[in-house]
Amino acid sequence: MMQRSHGFWVEAWRRYRRRPLAMAALAFVALLILVATFAPAIAGTKPVLCRYKGQLYAPCLGYFDRRFEPAIFTKDKFRGTYPRNLAEKDPGSWAIWPLFFQDPYRSVRANEWPGRPENPAMDQGRPSWTNPFGTDQAGVDVLAKMVHGTTVALLVGFVSMGIAGTIGIIVGAIGGYFGGWVDMLTSRLTEIVMCVPTLVLILAILAIIEKPTIWHTMAIIGMTGWTGIARLTRGEFLRLKGSEYVMAARAVGAGPARIMLRHILPNALAPILVPITFGIASAILTESGLSFLGFGPPPPSASWGSILNGARSNLGMWWLVLFPGTAIFLTVLAYNLIGEGLQEATDPRLREARK
Amino acid sequence: MATYLLRRLLLGCVTLAAITCIVYALARNMPGNPLSAQMGEDPSRKITAEDYARMQRAYGLDKSWPEGYLQWAGNLLRGDLGRSITRKQPVTTLIGERIGPTLLVSGSAFVLIWLAAVPLGLYASARSGRMDERATSLLLYALYSFPTFVAALFLQVLFAVWLRGTAWELPLFGMSDLPADASLGPRILDVARHMILPVTCQTYVSLAYDSRFIKATMEEAIRQDYVRTARAKGAGPWRVLFRHAFRNTLIPLVTLLGLSLPALIGGSIIIEQIFTWPGMGRLFFESIRERDYPTIMGLALMFSVLTLLGQLLADVLYCLVDPRVSVA
Amino acid sequence: MPLLDIRNLVTSFHTPGGRVPAVDGVSLSIDRGKTLGLVGESGCGKSVTAMSILRLVSAPGVIESGSILLDGAGGAVDLVSLPEQELRRIRGGRIGMIFQEPMTSLNPVFTVGAQVAEAVLLHKGCSREAARARALEMLKLVRLADPERRLDEYPHQLSGGMRQRVMIAMALACEPDLVVADEPTTALDVTIQAQILDLLADLRRRLGTAILLITHDLGVVAETCDEVAVMYAGRIVERAATEELFRQPLHPYTIGLLAARPDPDMVLRVAGGSIVRPPLVTIPGMVPAPDHFPAGCRFHPRCAYARDQPDADGPACSAAVAELLEIEPGHFVRCHYAGRLGEPRPVGMVRS
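Quick note, the sequences are listed as chains R, X and D, same order. Numbering-wise, the working numbering puts 478 at position 77 of the first sequence, and it's gapless, one number per residue. Numbering-wise, the working numbering puts 153 at position 57 of the second sequence, and it's gapless, one number per residue. Numbering-wise, the working numbering puts 161 at position 160 of the third sequence, and it's gapless, one number per residue.
These aren't lab readings, by the way, just hints derived from the structure by calculation. It is possible that some hints are incorrect.
[To be verified] Here are the computed distance ranges between Cβ atoms for each label pair: (1) G196/X - L432/R: 43 to 51 Å; (2) G717/R - R385/X: 21 to 29 Å; (3) Y100/X - L432/R: 49 to 57 Å; (4) G196/X - T438/R: 16 to 24 Å; (5) G636/R - R343/X: 18 to 26 Å; (6) E265/X - G636/R: 48 to 56 Å; (7) C415/X - G636/R: 48 to 56 Å; (8) H157/D - T438/R: 50 to 58 Å; (9) L432/R - G203/X: 41 to 49 Å; (10) R260/X - G563/R: 39 to 47 Å; (11) R346/D - M424/R: 47 to 55 Å; (12) H15/D - A98/X: 55 to 63 Å.
[To be verified] Only part of the chain X face toward chain R is listed, based on derived beta-carbon distances under 10 Å: (13) L107; (14) G108; (15) L122; (16) A222; (17) A238; (18) Y240; (19) A247; (20) L249; (21) L268; (22) I366; (23) F399; (24) L402; (25) T403; (26) L404.
No residue lacks a Cβ here, since even glycine has one placed at the ideal position from N, Cα and C.
The following block holds chain R by itself, in its conformation from the complex:
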C-alpha cells in the first residue's frame, strides 16, 4: 500500500471538480460564508460606516457583539435608531447604509427610514417590496433575520462537527490502534452515547444549563454526534495498523503517538472526512429542529429554525415556512452533495471502476 501524499489530494480535487453539482454546492457554502461575514452590511438598521461629530464609526459591528457598538451612540441616546438621530444631532454627518434597511431583531417603525411605512405585524406581514420575505408576528423582517441567521447555520455545522470530529477521531484512533481492553472500553463508550436518545440528552443538558446560548447547543450536538466518526476511524486504524508502512515505522522505532498522527491519520483522513461532512448537514438539521421545537438559542441569536417555530402557531403565514425552510433545505443539500463529491473523489474502489 502506498502512503497518501500531496498528489492524492491534488488528484482528489481534480476528480471533485468534474462533478458540477458538488462544485455548485461548494459555491453555495462559499456564498453562505460571505453572507454570514457581511451580514450587518447586507441587512441592518445601523450604518456600515458613518461620520458623526467629526469621527468615523462602524456601528454595524454591534450586530456581531453589543460591545462593538461605539459608546457615543448610547451616550447620545440613539436607542438603535440611526437615520433620524444622525441627521438631527449632527447635520454634518454622513453614513453608508446596509444594502437592505431592516433589522433582524426588531420591527422597523414608521418613517424610521424617511418615507418607509411601519413593518406589518401578525398575519399581515406577507411578502412585499419593503419586506421581500415578509415579517413575523412581531413585525420583524424575515429576510433580515435569515441573513443574520446564516452565521448560526454555518457555525453550528463547523463548531459541532469540529468537536465531534476531534472526539470521534481520538476515541476511534485509540480503540483501533491499541485494541484489546482499550478497544473494549472505547467501543462500550461509543455504544452508550449511541444508545442514549440524542434529543433527550440535548434537551436535558440544555435544561440543566442556566442560560443556554447557541454555543452550548453546538457543543452538545458535537458531544453527541461523534459515534459514527469514531466507529469509522476505529475501522480505518484497525485496517491500517497492519500495513507495511506502519510496520516499517514501528521497525525504525517510532512511538505510538507518532505512528498514529504521522503515519495512520493522514491515510485515514479521506474516509473520515466524508461522515464529518454529512455530519455538518445533520448538525444543521438538529439545530434547526431544536429551534423549531422551541429549544433554540434565546434571542438575540436568530436561527432559521426559530423562524419556522413562529409558523407553527399560525399556518396562514406561509412565508415563515417557505423562506427559512428552503434555506435550511438548500444548506443541508449542499453539505450532503459536498460529502458525496468527497466520497466519490477519494474512494479508491469507485476510482478504479471509473478508469
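Once you've looked at the hints, dock chains X and D against the given chain R.
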C-alpha cells in the same frame, strides 16, 4: 452461537445500566421537578409548603439522585417500571396506550418505505447513468436533504390551510376527530385521513436514503467478478440483477433493517409533536417537559433496549444471509 | 471453416482522455477440438480480446469493428452483431468461459452446486433435479474430491484450486464447442496450476471442446496448445503452430519472450540456420499503455533489431506499420524484417 448471544446480552446489560444511570442523573438535575412543573402550568393549584414536602416524600423526590436511581433500578429488577407522577398511571400502561398509534404510523411508513425503496433502488441501478435515472436520483437526493419538520409544515400549509374546504383538505392535528362511540367504519376512515400527513413525512426521508443505499450497494455488486461469471453463463440482465447482484446486496440491507428498529417502535419525536399524534415520541417529549422521571426512564430504557436489540438483530441477520460469516 | 473466426476485431475504451484502442485489428481462428494459445504480457489486450468474444467488455469499452464468426449447424453467426437474446444462448451454451480469479468469480451467496446447475438450467430447459444431477456429474468430471458434499458448500469453503475446478465444471456443463480460458491458472499455486492444465487437456480430449487459452506463460502454451498467437500492444505479431513457433520464432518480440523464459539451456535457432544464444535475457522497457502506442511498429522502441533509417531492405521501423504476413506456410509474422533480422544491437544500446 449461544455463547456469542450470551456475551452480547451481558455486555448489553452493562451498557444499559450505564445509559439509564446517565439519563436518570440528567433528568433529576434538570431544574424543577414534576410538582413544580405542574404548578407552573396551573396557578390555581398552589399548595402549602407542608403539602409540597409531603408529596415530595411520597414520590421519593427528597432523595438524592444516586439513591433514586438505585431504587428505580431495584424496582426494575422486580419488573416494576413505576408510576407516572403527572399522569397517575403505571408507566407500562402509558407505554401500552401510546405504542399502538406509533406503530400505526411508523409501521405503515416502514411497509411503504421498503415496498418502494427496493424497486426504486433496483430501477436506478438498472438504468444507471441514463437521463431518467439521473433525474430520479437527484430528486431522491433532494428529498433526503429535505428536513422533516419543514416538509411537515409545508404539507400542513398546503393541505390544511390552502386546500381548506376542498375535498383534498386533510386534518392538521391528532388521530381522530370523531367521538369514541362512533361506529368502526367511519372511525377507521377518519384515523386513516389523520395518518396521511404523518406517514408521508416519516416515509420520504427513509425512502430516499434506503433507495440510494440499495442503488449504491447494487452498483458495488454489479462490478464484482461473479456478476461477469453469471453473464458469461448466459444469464439475462434481470436475472443477473435480481438473483446474483441483489442477493449480495441483501447483506448490507439487513443491517439497515436492524438499525431501523428503534425508530420503528420509538416513533419520531418531531413528527408526533408537529401532528400532535398520541404516540411514544410525543409522550417522551411531554414527559421531559413535565419532568416526569418514571416515564422518562421507562421510555429511555425502552429506546436503549431497542437500539441494542436492533444492533444484535442486524448482526444475527448478517450471519443468516452471508454464508461467509459465522459468529462462533 | 474454422469453429471461431475473429476478423479485424477493434475494441476500444472511451475514457475522458480520449479513445483508447486496447484491441486493434486482431484476427484469429480456432478449429474444432483444437487449442489456441493467446500469449502476451499483461496489458497487451489479450483479456479484452477474450471478453470481446462473448461481448462481456464492460463500459466504457466497446467493440468498434470487426467480426467474430462462430460456425454452427445453421451456418456461421457473427457474435458482434448478434441480438443480445441470441447471444445469451451462446454464452455458457456454445461458448464457456473460465476466468482468472476463482476467488472472486464465484458468487459468495450461492452453493457451488446451485451455480453449476444454473448454467445447465439456463440452457437445457430441464428440471431442477436433472440440473443438480448434471452439476454433480460435472463436479465428478472435473475430479473435485468428495463431490456430493461439495455440491452444497459455498465457495468460501473451497480452496483456490477447487474453485477453479468448479469454474471449469460450470463452463463445460452445457458441453460447449469452445471454452475461453482467461489466465485460468495465474492465481493458483504452481502445483495446482499443473493439475488444472492437465484437467483442461484431458477434458478437451474427452469432450472434443476447442479451447482458447489466454496466458502470459509460454511454458503453459508449450504443453497444451496446438497453435499459438503472440499479441503485443493490441495486435497479433506472430501466429504459428506451437512446435514451429518454438522451433523458429520470427518476430523479435517472440524471440525476446522465448529468451526471457527462465530456462538456462534454451538455445534458439534464428532464421538463416545459425544457432545462437538468446540475444536478450529480458526485454527492456515496458509494454506501452494503449493510449501511448508508438507510431509504426509498436514494438520498435524495445526491439533489438529495429532499423532507425529506411534502407534497401525496407522502411524505418518507427515510420511504417508492418502487416501480418504469411512468411512460411502457416506461420504469420508482423515484422518488416521477418526472416532477415540481422545482428541484434547490444542490450545496453536498446532504446527504452
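Given a hint of 49 to 57 Å, does the C-beta separation of Y100/X and L432/R actually sit inside it?
Roughly 52 Å apart at Cβ, these two residues keep to the hinted range, so it holds.
Status of the given 43 to 51 Å range, CB of L432/R versus CB of G196/X
holds (47 Å)
Falls inside 16 to 24 Å, the C-beta gap from G196/X to T438/R?
Since G196/X and T438/R have Cβ atoms about 51 Å apart, the given range 16 to 24 Å is violated.
Given G108/X was flagged as interface, is its beta-carbon under 10 Å from a beta-carbon of chain R?
holds (9 Å)
Closer than 10 Å between Cβ atoms is the bar; does A247/X clear it against chain R? Give me holds or violated.
Interface hint status for A247/X: holds (8 Å vs cutoff 10 Å).
Interface restraint verdict for L404/X against chain R (beta-carbon cut-off 10 Å)
holds (6 Å)
Closer than 10 Å between Cβ atoms is the bar; does L122/X clear it against chain R? Give me holds or violated.
holds (4 Å)
Taking the beta carbons of G717/R and R385/X, is their distance inside 21 to 29 Å?
For R385/X against G717/R, whose Cβ atoms are near 27 Å apart, the range 21 to 29 Å holds.
Should the hint that A238/X touches chain R count as held when the rule is a Cβ pair under 10 Å?
At about 6 Å, which falls below the 10 Å cut-off, the nearest Cβ of chain R leaves the hint on A238/X intact, so it holds.
How does the Cβ-Cβ distance of H157/D and T438/R compare with 50 to 58 Å: does it lie in that range?
holds (56 Å)
Double-check L107/X for me: the hint is only fine if its C-beta lies closer than 10 Å to a C-beta in chain R.
holds (7 Å)
Given a cut of 10 Å on the nearest C-beta pair, is the interface hint for Y240/X held or broken against chain R?
Interface hint status for Y240/X: holds (7 Å vs cutoff 10 Å).
Hint compliance for this structure: hints 4, 7 and 16 are broken, all remaining hints hold.
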